[in-house]
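Protein chains in written order, with the working numbering: chain A, 1 to 416; chain B, 417 to 832.
Bear in mind the hints are in silico, worked out from the structure with no lab data behind them.
A few of these clues could be false.
Here are the simulated distance ranges between beta carbons [said to hold, decoys possible]:
(1) GLN730/B - PHE415/A: 34 to 40 Å
(2) ALA529/B - VAL155/A: 42 to 48 Å
(3) PHE415/A - PHE614/B: 51 to 57 Å
(4) PRO526/B - PHE198/A: 52 to 58 Å
(5) GLY823/B - ALA281/A: 46 to 52 Å
By construction, the Cβ of each residue, glycine as well, lies at the ideal position given by its N, Cα and C atoms.
Number of protein chains: 2
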Amino acid sequence: MPTESKGLSRRGLLGLAGAGVVGAGVGIGADRAVMASAATGDPAAAASYPFYGAHQSGITTAAQNRLHFASYDVSGSSRAELIGLLTDWTSAAARMTAGRAVGEGATEGPYDAPPDDTGEALDLPTSGLTITFGFGPSLFDDRFGLSSRRPAALVDLPHFSGDALEESLVGGDLCIQACSDDPQVAVHAIRNLSRIAFGRASIRWSQLGFGRTSSTTRAQVTPRNLFGFKDGTANVRAEDGAIVDDHIWVPAGDGAEWMTGGSYLVSRKIRMTIETWDRAALREQERVVGRTKSQGAPRSGGTEFTEPDFAAEQDGEPAIDAHSHVRLAHPTQNDGAVLLRRGYNFVDGNDDLGRLNAGLFFIAFQRDPRTQFVPIQRKLAGNDAMNEYLRHVGSGIFAVPPGAREGSFVGAALFS
Amino acid sequence: MPTESKGLSRRGLLGLAGAGVVGAGVGIGADRAVMASAATGDPAAAASYPFYGAHQSGITTAAQNRLHFASYDVSGSSRAELIGLLTDWTSAAARMTAGRAVGEGATEGPYDAPPDDTGEALDLPTSGLTITFGFGPSLFDDRFGLSSRRPAALVDLPHFSGDALEESLVGGDLCIQACSDDPQVAVHAIRNLSRIAFGRASIRWSQLGFGRTSSTTRAQVTPRNLFGFKDGTANVRAEDGAIVDDHIWVPAGDGAEWMTGGSYLVSRKIRMTIETWDRAALREQERVVGRTKSQGAPRSGGTEFTEPDFAAEQDGEPAIDAHSHVRLAHPTQNDGAVLLRRGYNFVDGNDDLGRLNAGLFFIAFQRDPRTQFVPIQRKLAGNDAMNEYLRHVGSGIFAVPPGAREGSFVGAALFS
């Protein structure tokens, strides 16, 4: 009886404290994450990040392995109700990221009401869960009296060459990014936050991601995307102090004061035509990427973290192709513009022809999309050799406010 | 440079041995799984199961955490081509489950041909990958000269009360179940096997599962399904020697000799109407399941692994409702029929109303569906209180042949 011998989880204990209870055999409560980590022997399972703070977690946090992302439409037009939703979301997010169940009643009672928490993460460690909230451009229309507060940096993304966006995968008033090393913990977060929003906001589109495609700390090994190449070798990392401060966080005096300490999230659902890619020669694949497949080294030589030498030649040709992804996306080719990328591989089943619906759910954080994502993507959309194997089908841009203070709610400064 | 210091993976080494190579800085090759496990500190990452053997792996194997399952239609009608496909699949599966890349050329060359392996699992540990092959009823039509070899136990599943099957999610000539503790490793397996099948078979339907809902060994903690309840408490486990032999593996003399040592797989894609479930009182949820939500104990008392007492009463009513899932599915209510369940939680995005497309991808193994899955499901379909919250939308049945012998291919006895 392996699940019986560990005492009752913190969730269980809170439930017992809350209301009349059915269960019996109550042991001494222990922290859920620590307990579960001890049981599984996996140190990552115990990881836990604070919800409250100067910045929201889930940006420079070491990228977790799994993602559930959701974009929401707000149903009503009441400013008070929107504030109520954000308050409820904040409270639930703070509990879940601390390894606790949603609501004081937890799952044990009261017996004649629906449980506060849906329960599927009840025995699971926190697994590094972060929950990150964002506000889309449409939130700043005239419904909530926020139109004068829209940050200039929260642009409507322009049409990019080759865009094949599907309306049902674009936009949204609000977004939630839930990341965890256990997908069930991330799914539990989105499900419960969606449930809390019932009647106030509903999911517009959502995305599961099974594998991270970026490292956001130096300690993380560079992962591979579904092209089979290492991705994010040159990504901004949490340790890059001045770069993070200059390019990721919104500073005071940057236009919208309520965004100070926040960041801007751009998401792009990018389908890969992997069957076509898989028939391309290794030479072509490396030309397109500009790096070697085995090691991720620039085609100009060296190892993974060697800086690409765009002037290098090989057999009289540029060693790194003029249209290669690494060249076109590189900061030196974009007036120094960088992004903190935090994307995920996805597979959404298959199409009628038996091809996997697979690709990259791109997420990037930045201080100002006007000088970062937009010009970089303009350059890529027009010139990237990789476009032959890609199709952008979904898109979102969200203002991610700074972290909430305990006792307040996420985005509070927007409403003051 | 964390990825540089560990030497070249076994995959890389094989690639180097195979052909002219671009990479440099070659270290001493080491086993991929062991190497990666050392890097991550996660012992589960190193787990590796043999592909060849008396039985296929992925049945009594300790249920891994993640799933990618695919059903295939065979394109042609050539018996030789079908044998060729199974031979190629066997070879690739044996390599991948051993932590090796597909094909001798691996990903480093030859440079002017597509890589043999798509590469996204190149740096990942084996993570307990198992690949399990099955043959659907339609394989035994007149295309391949197999009609006389169809086992009587490989029935066409009958219509069950309440079935809401979608044609595109039903059936298939062949199936592959890939399970791993790393979803990218499972996805890599299905992707590469699908690629190998190009022109010979194509995916009919496929399913990712992010969380196991059964334990198949006594050492595993019972997981929770998306109803938030522990699932599979009474499941058959690998340690149940006689029960496994009597109820899971096909014995000699059971009708189709080529299936001796095999098993029958039934899959059901079961959508849960989780929004409705989440609005049900805890009392109703526990009535429907017949167990407590917190601990998974039978409503008749005790703890998780206490046997349910179906005669017990509480306030003059049966403690375990007459229509509860645990009662209707229990072996004592089904002439002793049992299943080895090996299902997974899934979320496939959301619908137009913003509800998560979520549920359980049910997988069960058994010696004979005629006396196991079919009568159990008949009883459940007609009476289970849980039906109010379920919709069966996909279905499959497959004969899973015994394990392949080294030098042969999976299912070889069917063709002899």
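Tested hints:
Under the hint 34 to 40 Å, the C-beta atoms of GLN730/B and PHE415/A, about 50 Å apart, miss the expected range. At roughly 44 Å, the beta-carbon separation of ALA529/B and VAL155/A lies within the given 42 to 48 Å, and the hint holds. Look at PHE415/A against PHE614/B: about 55 Å separates their beta carbons, and that is inside 51 to 57 Å. Range check, PRO526/B to PHE198/A: Cβ separation about 57 Å, and the 52 to 58 Å hint holds.
Between GLY823/B and ALA281/A the C-beta distance comes to about 32 Å, which lies outside the given range of 46 to 52 Å.
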